[in-house]
Amino acid sequence: MAPAVKESRPADWITICCMNCLHGLWLVKNALTDTCDMRSSLPPQINAHCVVQLALGAVMIFTAFTTWSEEDGRSYLGQQVCVSCHQSEFKHWSHTVHNRAFANSSDALASKGCEACHGAGSAHLEDTRDKSKIVAFTHGSGYTIQQQNDVCFQCHQGGDRIYWYGSMHEASEVACSDCHNPMSNYSSTGLLRAKSVSETCFHCHQQQRIEFHKKSHMPLVEGKISCIDCHNPHGSANQALLKQDHVNKVCYQCHAEKRGPFIWEHAPVRDSCLNCHQPHGSNHEYLLVSARPFLCQQCHTNRGHPNDLLTPGNLAGRQKPDARIMNRSCQNCHAQIHGSNHPAGVRFHR
Amino acid sequence: MIKVQKTVSTTLFSWLLLLASSCLASTSIGVDSVQGNKLNSSSSHRQKDPKGIATFKTELSRSPAGLLYDVPWLLYQTDGQDFLVVELGALIHDDNEEAAHYREYADWDDGLLVSNFSFATTYGSGVYLSGAGGSVARDDQFYSIMASRVGAYKVQAFYQKTPHVFVNDATFLYQGAGSDNLTLPDALVPGNNSTSEISQALVGASKASVKLTREKTGIKIQYYPSANLELFANYAIESREGSRPFGGSFAPPFYSNGIFGGVVETVEPVDYLTHDTNLGVIFTGARSMVNLAYTGSFFRNGNTSLTWENPFTNGGPSSFVVERGRFALYPDNDYHQLQLDLSRILHNRTQLTGSITWSTMRQDESLLPPTINQGFSDDGIDLDLWNTTAALSRSNSDAKIDSLSVNVSLYLPINSRLNLTFRTRIYDEDNDTEYTAFNPLTGQFGYITEDGARTGNVFTPGTANLPVHYRSIPLEKSEQLFEVEARLRAWRTTNLSLTAHQKKNDYRGREIDGSDETGAKLKVTIRALSIINIRLSYAINERHIDDYDPFPYDEYYTTSRSGYASFLPDGSPAHTLAQMRKFDLAARREQVFNGRVNILVSSSMDLAISVIRRSNDYDSDYGLRERNTTTLNVDWSFQPSPKLNAFLYYSRQLDDNEMRNIQDTGFAVDANAGGAVYAIAGTWQESSDETSDQFGSGISYTGSKFSIDVNYSDIRSNTKTDYVAASNLAAGSAAIDPFATPAFPELRYKQRVFDASIRWHTSEKWHFRGYYRHESNDIRDWHLAGLTPLQGKHLFISHEPVDYSVNTIGLYCQYQF
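Residue numbers (the numbering used here), protein chains in the order written: chain A, 153 to 502; chain B, 4 to 820.
Since the hints were derived computationally from the structure, they do not count as laboratory data. Be aware that a few hints might be false.
Simulated DEER-style distance windows between Cβ atoms [claimed, not checked]: (1) Gln471(A) to Arg755(B): 31 to 41 Å; (2) Gln471(A) to Gly179(B): 31 to 41 Å; (3) Gln471(A) to Gly114(B): 15 to 25 Å; (4) Leu343(B) to Ala255(A): 27 to 37 Å; (5) Leu423(B) to Ala392(A): 15 to 25 Å; (6) Leu234(B) to Ala392(A): 28 to 38 Å; (7) Gly294(A) to Ala493(B): 16 to 26 Å.
No more than 27 Å apart at the CA atoms, straight line, and that leaves these computed lysine-lysine pairs for BS3-like [said to hold, decoys possible]: (8) Lys283(A) to Lys54(B); (9) Lys524(B) to Lys506(B); (10) Lys283(A) to Lys646(B); (11) Lys54(B) to Lys723(B); (12) Lys723(B) to Lys472(A); (13) Lys708(B) to Lys54(B); (14) Lys403(B) to Lys410(A); (15) Lys283(A) to Lys60(B); (16) Lys708(B) to Lys60(B); (17) Lys60(B) to Lys285(A); (18) Lys646(B) to Lys54(B); (19) Lys646(B) to Lys60(B); (20) Lys723(B) to Lys708(B); (21) Lys708(B) to Lys646(B); (22) Lys507(B) to Lys403(B); (23) Lys646(B) to Lys768(B); (24) Lys41(B) to Lys753(B); (25) Lys285(A) to Lys54(B); (26) Lys723(B) to Lys753(B); (27) Lys768(B) to Lys708(B); (28) Lys723(B) to Lys41(B).
Note that the structure is a prediction, hence the values are computed from the model and not measured. In this text, a Cβ means the ideal position worked out from N, Cα and C, and glycines have one as well.
Chain A extracted, bound-state conformation (with noise of 0.2 Å):
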């Protein structure tokens, strides 16, 4: 539930009402002089809105005596009262999915329009530029993150968001209007404060942006995939809010092909991709985390030919060109390194 402002001023409903009225008789004094410059009123239609905001303050008038709601000490205005004030603000509101499902509802709380979020507005009338006054998820809130976080939860909890508590961000005081904007549309779904999901990570996750520049990268970046197919940032029961319960069936949700299981694994490659794999970019094909050979023999010592030093000597031209670390590498013949099916394949050669 939205915290409550503590006064409750009955008659602050009547001097918003009256405020709209004004607001009307304004209108019709800069149609007379030519000098209107409202911010979002036509002024080819400017008689016509002239009139409606009378007639709007008429019926609030009105509405003010009958549906009157007081609540905990707050004072619940109604989103006409909201509106004729913030005119702008409801007009972006109004295209998004919010307010189709507030308009949509019998919810109760849907009912109360942006007092729904921002909590009863009686208060705000008396300091317009007192945040303390009205649920304000901005910076200088005079509500903290958690009580900002709570409003959103009346009608998000559980689902998606069943971590959240005790979760990566809400520990780090990540506030859902860190990457979210309800109030209008940024981006294509999700209400998100940037215009796609990665754009709105990399606000704080700045090194995922270089990453995802690098040489070999998922096309994340070319908007076919994005943070949100490998973690949830609402909270997760696992390591690095990923989506799975272990980082390999993360992986395999899109490279189905490496779950297996072979007849012969290889050992770092069961445990983990991450052991070999920078998921996030790198400077080296197929986003390894390192060169080859020199990843490979980060773990292979064994006896033959795996522990070589292998040199600028070894490269293709020079005075002894190597399998070992011409192309692909050491993948050039132990091309199945992710597991091999072939009963000869102990050594992925196959």
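Dock chain B against the given chain A, drawing on the hints supplied.
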């Protein structure tokens, strides 16, 4: 009220119009969260609202963390609730067709195109239908459609196509590239050609792209029987078709100083089909919450094997000809998962949450024979007794891994200032895969190596043998984690958090039986200052391991079989260096510092600075010894008005690692460093230092008639690879002096992208957009440097990446019906 209604009547229009990419909304289950493409990833195809969102405020709002919100899109005007918006035009560019990287995930073909479209319509009371798509009929096209009624149901469907280009202009000696059978041209004989004959055949080799295309179609249905209950069902089918670079070996030439054997870069035929489904129910009560979900994934490969003919001559002591090789490609597999999440809010916000997840991955593909070749190999093995499925110990894989995880967390607010969180996790795997390489026709354990191209790893009791790995190793891992976090609200807007955890891992089939990890994390969040928001954390994790056995695999090798006899008098030869520690198991100290500061420079300007330092020190004399990554990011944003937005950012990432190894000297029992096999003189050390810099900038201005959006990004990465060696004994090739060139050429990657759009708003319905993009790229990779199709006894299709500098021009018009 009339005004309100009018606004509402236009709302769906623009809300749904924003579906340039649509989203299957769950953040906890499944993928396919977005549909889009590179052409539409730019913000330029939508106009921002020059008036902003605020009625009274002249400055933009900031998020609670202190960063300026962007300017929302301009709302479209329409007379009704039904709409259709289409942007179409033409694209031309001066692409270098060989530049695979330019087209890696995007289709930049010249020609007319429907860049994007969206539509929406409303039926009755509260039933909405909307759709969107882009790059119609191109390789990176995407579409989505949604029908919903609030509180009743939501049905979404999508289609997305993604190209993945690996190599353009690849050189194909083989015929049948992309199929499961690669045959040599008529002029060559399988397994018996000189390099000059191959070189001659390459003159007529074809050139083509190596690429694959993902196409995914899915549907998601959500049904809400009541306000607190949701039933959902998702299904998606994904096909991947094409090919990708692959390997292929007939005994690597370095064994024979380049005299015989051969390595071939083949192409794997990709004909994958994956069916994915999720079914579940979500209950959200006032205090109790339940998620129950089933996930199924079924992978099918249209190719079970890849056969390729040997262009080289193996030249062994006998007349045996290694004509061809055969890979077993990725087998079909099935996956099932059941997950139950339960949560209960107890007294005073205390929340107890638990989950249990069971999953099983199964694979039961028919196995291929141990070899495809026939005759007697050079070491006298009758391959005719190994080239049928009768030579297998069983006909199918019968592979299975089950896993079970249980998580419980308790979020316990002690009072308004102090929160405690307890978490515990148990994860356990059960690998039920047991394969034994045993040939019932010969009664022998072992296998044929590389289709007879190398000495067979066939075990003969009583005869001096090298150990043969003949049984699969059922790798298993289990984990127990306990974590406690105390969070103190020191002041109204300052939080302190201390987390401690203890984790125990147990392994089967690895060099250690288990490890213990203890860790602590201190985190501070300061929001007390009006102009600065600070988040700092420091974490340290120490991993301690049980006794490390460098070779615990005797039971899977023939050394454990009766009749095993080593050819060394004093025991089996050393398998690997005793002091090697594999980094995923080694004792380790990990430290992570994470600092993020958002500075509110002025009402229209903010600055975000972050530093992340992760260091890993491994307690290893040999193997990976350390890895460190440091990232600095500085982001500056300036928005003096809703009309004007500018940003700059700079990131630098430093990554270094160091590893050490010893080149062995031959066969002996002693596996220790400094022993007969691993002489100190053979020690070598490699270190890698990588520096990546990214600079980005952009400015957008939205006027009443024109808007402009210009962006530039530049990323440069350089990786230096150095090495030192104790002596010439470390070198893999005796003929090469390792001290002659103690460093590799730099691995280098540079990319510059300039992207600009100018939009002309001729009317509310008509917009015209001019688009220009310049992208240049420079890749230097010593793996590919100087690579030609034929390098001695190596045959490649790949080549050094081609630098490119591409200019793309697009002209579009957008009409709102």
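Cross-check of the supplied hints:
{"no.": "1", "hint": "Gln471(A) to Arg755(B): 31 to 41 Å", "result": "holds (36 Å)"}
{"no.": "2", "hint": "Gln471(A) to Gly179(B): 31 to 41 Å", "result": "holds (35 Å)"}
{"no.": "3", "hint": "Gln471(A) to Gly114(B): 15 to 25 Å", "result": "violated (48 Å)"}
{"no.": "4", "hint": "Leu343(B) to Ala255(A): 27 to 37 Å", "result": "holds (35 Å)"}
{"no.": "5", "hint": "Leu423(B) to Ala392(A): 15 to 25 Å", "result": "holds (22 Å)"}
{"no.": "6", "hint": "Leu234(B) to Ala392(A): 28 to 38 Å", "result": "holds (30 Å)"}
{"no.": "7", "hint": "Gly294(A) to Ala493(B): 16 to 26 Å", "result": "holds (19 Å)"}
{"no.": "8", "hint": "Lys283(A) to Lys54(B)", "result": "holds (23 Å)"}
{"no.": "9", "hint": "Lys524(B) to Lys506(B)", "result": "holds (14 Å)"}
{"no.": "10", "hint": "Lys283(A) to Lys646(B)", "result": "holds (26 Å)"}
{"no.": "11", "hint": "Lys54(B) to Lys723(B)", "result": "violated (50 Å)"}
{"no.": "12", "hint": "Lys723(B) to Lys472(A)", "result": "holds (21 Å)"}
{"no.": "13", "hint": "Lys708(B) to Lys54(B)", "result": "holds (13 Å)"}
{"no.": "14", "hint": "Lys403(B) to Lys410(A)", "result": "holds (14 Å)"}
{"no.": "15", "hint": "Lys283(A) to Lys60(B)", "result": "holds (13 Å)"}
{"no.": "16", "hint": "Lys708(B) to Lys60(B)", "result": "holds (24 Å)"}
{"no.": "17", "hint": "Lys60(B) to Lys285(A)", "result": "holds (17 Å)"}
{"no.": "18", "hint": "Lys646(B) to Lys54(B)", "result": "holds (7 Å)"}
{"no.": "19", "hint": "Lys646(B) to Lys60(B)", "result": "holds (14 Å)"}
{"no.": "20", "hint": "Lys723(B) to Lys708(B)", "result": "violated (51 Å)"}
{"no.": "21", "hint": "Lys708(B) to Lys646(B)", "result": "holds (12 Å)"}
{"no.": "22", "hint": "Lys507(B) to Lys403(B)", "result": "holds (24 Å)"}
{"no.": "23", "hint": "Lys646(B) to Lys768(B)", "result": "holds (20 Å)"}
{"no.": "24", "hint": "Lys41(B) to Lys753(B)", "result": "holds (19 Å)"}
{"no.": "25", "hint": "Lys285(A) to Lys54(B)", "result": "holds (26 Å)"}
{"no.": "26", "hint": "Lys723(B) to Lys753(B)", "result": "holds (15 Å)"}
{"no.": "27", "hint": "Lys768(B) to Lys708(B)", "result": "holds (13 Å)"}
{"no.": "28", "hint": "Lys723(B) to Lys41(B)", "result": "violated (31 Å)"}
Violated hints, in rising order: 3, 11, 20 and 28; the structure is consistent with all others.
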